[in-house]
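Protein chains in written order, with numbering that gives the first Met the number 0: chain A, 0 to 560; chain B, 0 to 560.
I should point out that these hints are in silico values taken from the structure, not numbers from a laboratory.
Every residue gets a Cβ at the ideal spot worked out from N, C-alpha and C, and that includes glycine.
Hints are not guaranteed to be accurate.
To spell it out: a stretch of chain B is covered by chain A in this simulated footprint if at least three of its residues, at any positions, have a beta carbon under 8 Å from a beta carbon of chain A; those stretches are [unchecked claim]: (1) 354-364; (2) 405-418; (3) 421-435; (4) 471-477.
So the chains spell out like this:
There are 2 protein chains.
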Amino acid sequence: MQDIEFTIQDGKLWMLQCRVGKRTGLAALNMAMDMLHEGLIDEKTAVMRVAPNQLDELLHPILDPKAEKGAQVIAQGLPAGPGGAVGKIVFTAEDAVEAAAKGEKVILVREETNPEDVEGMRAADGLLTARGGMTSHAALVARGWGKCCIVGCDAVQLKTVDEKRVLVINGKTYNEGDVFSLNGSKGWVYDVAVKTMDASENPRFVEYMQIVDKYRKLGVRTNAENPQDAQQAINFGAEGIGLFRIEHMFYGANSEAPLSKLRKMILSKNTEERKVALNELMPYVIDVTKGTMKVMDGKSVTFRLLDPPLHEFVPQGEEKQKELAEELGITVDAVQKRGESLHEVNPMMGHRGVRLGISYPEVSEMQFRAIFTATAQLIKEGLDPRPEIMIPVTISVSELDFQKKILDRVHAEVEAAEGVKINYLYGTMIEIPRAAILADKMAETAQFFSFGTNDLTQMTYGFSRDDIGSFMPDYLNNKIIPNDPFQTLDVTSVGHLIEIGVKGGRSTNPNLKVGICGEHGGDPASVEFCHLIGMNYVSCSPFRVPIARLAAAQAAIKYDK
Amino acid sequence: MQDIEFTIQDGKLWMLQCRVGKRTGLAALNMAMDMLHEGLIDEKTAVMRVAPNQLDELLHPILDPKAEKGAQVIAQGLPAGPGGAVGKIVFTAEDAVEAAAKGEKVILVREETNPEDVEGMRAADGLLTARGGMTSHAALVARGWGKCCIVGCDAVQLKTVDEKRVLVINGKTYNEGDVFSLNGSKGWVYDVAVKTMDASENPRFVEYMQIVDKYRKLGVRTNAENPQDAQQAINFGAEGIGLFRIEHMFYGANSEAPLSKLRKMILSKNTEERKVALNELMPYVIDVTKGTMKVMDGKSVTFRLLDPPLHEFVPQGEEKQKELAEELGITVDAVQKRGESLHEVNPMMGHRGVRLGISYPEVSEMQFRAIFTATAQLIKEGLDPRPEIMIPVTISVSELDFQKKILDRVHAEVEAAEGVKINYLYGTMIEIPRAAILADKMAETAQFFSFGTNDLTQMTYGFSRDDIGSFMPDYLNNKIIPNDPFQTLDVTSVGHLIEIGVKGGRSTNPNLKVGICGEHGGDPASVEFCHLIGMNYVSCSPFRVPIARLAAAQAAIKYDK
Numbered sequence: 000m001q002d003i004e005f006t007i008q009d010g011k012l013w014m015l016q017c018r019v020g021k022r023t024g025l026a027a028l029n030m031a032m033d034m035l036h037e038g039l040i041d042e043k044t045a046v047m048r049v050a051p052n053q054l055d056e057l058l059h060p061i062l063d064p065k066a067e068k069g070a071q072v073i074a075q076g077l078p079a080g081p082g083g084a085v086g087k088i089v090f091t092a093e094d095a096v097e098a099a100a101k102g103e104k105v106i107l108v109r110e111e112t113n114p115e116d117v118e119g120m121r122a123a124d125g126l127l128t129a130r131g132g133m134t135s136h137a138a139l140v141a142r143g144w145g146k147c148c149i150v151g152c153d154a155v156q157l158k159t160v161d162e163k164r165v166l167v168i169n170g171k172t173y174n175e176g177d178v179f180s181l182n183g184s185k186g187w188v189y190d191v192a193v194k195t196m197d198a199s200e201n202p203r204f205v206e207y208m209q210i211v212d213k214y215r216k217l218g219v220r221t222n223a224e225n226p227q228d229a230q231q232a233i234n235f236g237a238e239g240i241g242l243f244r245i246e247h248m249f250y251g252a253n254s255e256a257p258l259s260k261l262r263k264m265i266l267s268k269n270t271e272e273r274k275v276a277l278n279e280l281m282p283y284v285i286d287v288t289k290g291t292m293k294v295m296d297g298k299s300v301t302f303r304l305l306d307p308p309l310h311e312f313v314p315q316g317e318e319k320q321k322e323l324a325e326e327l328g329i330t331v332d333a334v335q336k337r338g339e340s341l342h343e344v345n346p347m348m349g350h351r352g353v354r355l356g357i358s359y360p361e362v363s364e365m366q367f368r369a370i371f372t373a374t375a376q377l378i379k380e381g382l383d384p385r386p387e388i389m390i391p392v393t394i395s396v397s398e399l400d401f402q403k404k405i406l407d408r409v410h411a412e413v414e415a416a417e418g419v420k421i422n423y424l425y426g427t428m429i430e431i432p433r434a435a436i437l438a439d440k441m442a443e444t445a446q447f448f449s450f451g452t453n454d455l456t457q458m459t460y461g462f463s464r465d466d467i468g469s470f471m472p473d474y475l476n477n478k479i480i481p482n483d484p485f486q487t488l489d490v491t492s493v494g495h496l497i498e499i500g501v502k503g504g505r506s507t508n509p510n511l512k513v514g515i516c517g518e519h520g521g522d523p524a525s526v527e528f529c530h531l532i533g534m535n536y537v538s539c540s541p542f543r544v545p546i547a548r549l550a551a552a553q554a555a556i557k558y559d560k
Numbered sequence: 000m001q002d003i004e005f006t007i008q009d010g011k012l013w014m015l016q017c018r019v020g021k022r023t024g025l026a027a028l029n030m031a032m033d034m035l036h037e038g039l040i041d042e043k044t045a046v047m048r049v050a051p052n053q054l055d056e057l058l059h060p061i062l063d064p065k066a067e068k069g070a071q072v073i074a075q076g077l078p079a080g081p082g083g084a085v086g087k088i089v090f091t092a093e094d095a096v097e098a099a100a101k102g103e104k105v106i107l108v109r110e111e112t113n114p115e116d117v118e119g120m121r122a123a124d125g126l127l128t129a130r131g132g133m134t135s136h137a138a139l140v141a142r143g144w145g146k147c148c149i150v151g152c153d154a155v156q157l158k159t160v161d162e163k164r165v166l167v168i169n170g171k172t173y174n175e176g177d178v179f180s181l182n183g184s185k186g187w188v189y190d191v192a193v194k195t196m197d198a199s200e201n202p203r204f205v206e207y208m209q210i211v212d213k214y215r216k217l218g219v220r221t222n223a224e225n226p227q228d229a230q231q232a233i234n235f236g237a238e239g240i241g242l243f244r245i246e247h248m249f250y251g252a253n254s255e256a257p258l259s260k261l262r263k264m265i266l267s268k269n270t271e272e273r274k275v276a277l278n279e280l281m282p283y284v285i286d287v288t289k290g291t292m293k294v295m296d297g298k299s300v301t302f303r304l305l306d307p308p309l310h311e312f313v314p315q316g317e318e319k320q321k322e323l324a325e326e327l328g329i330t331v332d333a334v335q336k337r338g339e340s341l342h343e344v345n346p347m348m349g350h351r352g353v354r355l356g357i358s359y360p361e362v363s364e365m366q367f368r369a370i371f372t373a374t375a376q377l378i379k380e381g382l383d384p385r386p387e388i389m390i391p392v393t394i395s396v397s398e399l400d401f402q403k404k405i406l407d408r409v410h411a412e413v414e415a416a417e418g419v420k421i422n423y424l425y426g427t428m429i430e431i432p433r434a435a436i437l438a439d440k441m442a443e444t445a446q447f448f449s450f451g452t453n454d455l456t457q458m459t460y461g462f463s464r465d466d467i468g469s470f471m472p473d474y475l476n477n478k479i480i481p482n483d484p485f486q487t488l489d490v491t492s493v494g495h496l497i498e499i500g501v502k503g504g505r506s507t508n509p510n511l512k513v514g515i516c517g518e519h520g521g522d523p524a525s526v527e528f529c530h531l532i533g534m535n536y537v538s539c540s541p542f543r544v545p546i547a548r549l550a551a552a553q554a555a556i557k558y559d560k
């Protein structure tokens, strides 16, 4: 599609300028599908017509067309940002940020927006402005983010009544907190909550993705640690979990109780104390791993053992330390001392990953036992769980062998106790340069590799992800490097190590399954690279799954003749 | 040489056991030279007869034989540890430690030693015991360290007189603090200070090293940052400086004044303030670089630009912070805040090395100007300075090009101002995996590479040198890795990257000079590897120079047929 400027002078047509026409993801999808159905293009061409990253806009909910029919449109504006949004109305950027922080969905209503509103716009689910056109600030920002937005809605009047800001539409007054729904693709405003639907239910998107999958050769999995994310990813077409980070079950809501047990384990004085704490922790680990494998029934779930340095879990605040001290029956001072003793100068290259499992084999043992027990229980419930156990931060096959001995014993014990046969795969992250270089050895024990390109990029560049803020802008501004290598895989260096790793691994283990997890798994350029070097799958966050699927299909069409 | 156990039974000779005979470095050297002079072995064989690490024992001083002739031996014991020692006598391990901490040279005199004395034995320059034989505790420990030691000296009597410990020899009483000299190779004790001489003056050692150098192909340089170390290294045969770490001039004695100027530079609020501080700092940098290049007249000196993260130089103690605040005319709070803002999660992979020179080009500029000015001054004094400028922590040739532009300008300015032509080489450390992988590009600008195997090992293993203490013992005990890779270069992984680097670099720049700096440069096994992959030189600390020379000669004899 081309944007063309022309003029006619003295009966002559002058073409002044032409460039590729900008369009939203939805428009690109619609154009491709229309042209396909009209027989103008073939399926492969249709697959190539949508840029993978544009799908992002489509992955957010839309108003359910059936539900919309039962609701009354109270105002109409310009459809500046696609998709649907439902939430409480707020009138300032600050209120939007505050409400979002509480987990509330809000729609930010403004006369018009300016750069100072950006944080509030980001926090809001939808934007509604009284003024401005399709190229106003609100419209540009919203489209950039693929956010639902209606601008130039003349009916909107913002007033102050009794020192309180209110919204008046056609004589009716609405207060902060009233629920509105927006259809950003049509510009329609509702003063009720209209049911939304996921993009995965959008028939046009579903049809397009079915065509995409016909051409894709690379598998696409997701990174997920709970049943909700796992289900979301399945809806988006994930074929399994490529990265289940055990430590994630100790973050976020409802994790306080298990986190305190984990802390107890970390602060144990000796192996015996540690084993007691691990035993208390195990039921929770069984529970969470089981819940996710249940949703992923019949699909592989790759569990990565506890990875971060333990000090990350030691409470920092005095109050938390006091709580922990009381629970453990030790002094606050002892809690602090133990925390300090875990301090590291460069934790990213410190006591973490499999290094914990070498120093404290009982920590690995508990995780193996929990995963196998969860698996056995699901088998007995008639399901088909497919666990894969992945060892992180390895540098040598000896580490894999060391952990495997523990795993073999625990596996036999759980099989005997539960009375079922448990199948699994055993593999490793390849995220340290040495592991990539010695991949031929690693693959003598590992049944699969998953390239952890975040860490691999850190080590290959000597760039600490947490610290690049101080120099990355200088590097990009001076064009020292073309991209942030944490966003787009650097094929020349990190990619070179991956290639050594894939070739090395398959040289000693031709059946080796190879994948990638980490941010790059959802980056289209990186997915293309993964296709080219013959990986089996990529794994990315749930909302990137369709993007990875499309990128993989495009790579296959582009390169496989 | 063999240690043989045999017995004769019923007129029959039984060989019970044989093994390679243990001998001191001095004995090995003497045997090799005796056999060479007697025509029993040839030069190459003589070179192979001494283990490089054994030279360590020989590099410490001996009593000057001429001076010994003028002194009276007051007692004789068993020559348990070779070399010479002169110092004040002390009677307990604690006193030895205390005196050594003050920088005093001491001789620890004991009835006999036991494991509790070990710290004191380490701190002392020489050991003298009244009892014990050649396999006593003192003798074993001293030989292990190559430390001067005399045991079983019957004349020694330790007594308590007037509640004070004293030493009585042949009726004469000596008090703590009296000066003794020991000849550990003969077992002779003197009650006066006898002049010592360096091993480099020992004629036998000198002759041996001349033979060694005939067969050596690899150059040997040293790591040094001041005239004293540089001179010491030259005495030991160093052919240049492979690593002059600019930041070392801010450590240790007499560096308080320049360090405070460096701190002022670091805490500058903007480029202008920073330039003022840099200008104040420059005379000192000129002075130190000039002093060392003067000693190294006619030999190359590789200057590595400021490498560590800046926060390392921010004072931690409150008193120092107060001093700095006063000098800068800002509040202590501001000093602390600026220090905190420089804090990094993983400083080893943070804002350091060339990254500082990209963010603050004026910091590189000052260093270039100081080095070129020092060079120009020496040229005008009729000397032959040979500076090499080395950029650390690089990941891309763009960094080298960026810095080179600044360097070219400064070079022209200094040449114009000083009126002399200044020759130099421009090169880079290869210490981050990406630099090794992209060495072909790096060598398009770099005239030399120096492999920084400390950092390269850190990144290749993902092992923070500061943090391995928590898991390295578990790794070695469980035989996960055969050696500490910071002591012996891991040929399979780090070595693989070095090989990629050397080949890549020479593919685009056949004249590329390649060396290694860092601990491995003085490790015999690593030196052998450097010879095998065709490096031009190794660089190590002054006391390791003869060891590297011998290791290099042995590698040439072993592999070059």
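Taking the hints in turn, this is what the structure says about them:
1. 354-364: Holds, because 3 residues of the stretch 354-364 of chain B bring their Cβ atoms closer than 8 Å to Cβ atoms of chain A.
2. 405-418: violated (count 0)
3. 421-435: holds (count 4)
4. 471-477: Coverage by chain A holds for the stretch 471-477 of chain B (3 residues, Cβ < 8 Å).
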